[in-house]
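Peer 1: 16 is the number of the first residue of the sequence shown in the working numbering; add one for each residue after it.
Rather than coming from a laboratory, the hints here were simulated on the basis of the structure.
Among the hints, a few may not be true.
[To be verified] Taking lysine to aspartate or glutamate and the DMTMM-like style, the derived pairs with C-alpha atoms no more than 20 Å apart in a straight line are: (1) Lys151 - Glu37; (2) Lys161 - Glu65; (3) Lys39 - Glu167; (4) Lys161 - Glu47; (5) Lys138 - Glu47; (6) Lys142 - Glu165; (7) Lys76 - Glu32; (8) Lys142 - Glu47; (9) Lys152 - Asp62; (10) Lys136 - Asp62; (11) Lys152 - Glu58.
As the structure is a computational prediction, the values presented were derived from the model and not from experiment.
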Amino acid sequence: MESFANEKYTSTDNNIEIIEVEGKKPLSLLREEYKAARLALFENFNDLVEESDMHYICERKRLPNSRIFYKPCQNAFDIRIRDELFKSEMHKPGDLMSRLNRAQSSSDMGALEIDRLEEKKSKLIAKLAEENEIFKKALIELIKAKYNYEQEHISQYGSFSRFEEEK
């Protein structure tokens, strides 16, 4: 590569230098592209589905005992069911700490209804991908962005990557 550049440099003009730059997208940019594709898919899904219980809701939350914020996206039914479980456990008799502990545990575990609705949602996504071209393109873009991010993460962190498959 250097010899080619030197030959070209000497053969043309002494004031011209050829510089070849090879680069790739940084991991943070790929992560942002993945997040944007994910949010675009969720918005598209919410526009196409009339049932509000199936909609995705993205809220800004804070990690417990921390100043770090994150923005998880959950289904409306998931939030509703977990809130109902928490409230029902909080209204049972007992001291406050044990009620809080049971309420948090039961809401974290979820319910069979969540599993049933998750299955219904996955069938709905497959149906939308077959019927709606815009949704299908958004889904493909999400899959590509996720793949690119994971592959770059693996190439940068190797065996320490959380996406590295166990062999």
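Peer 1: Let me make sure I understand: some of the numbered hints might not hold for this structure. Which ones are they, in numerical order?
Peer 2: 1, 2, 5, 6, 7 and 8
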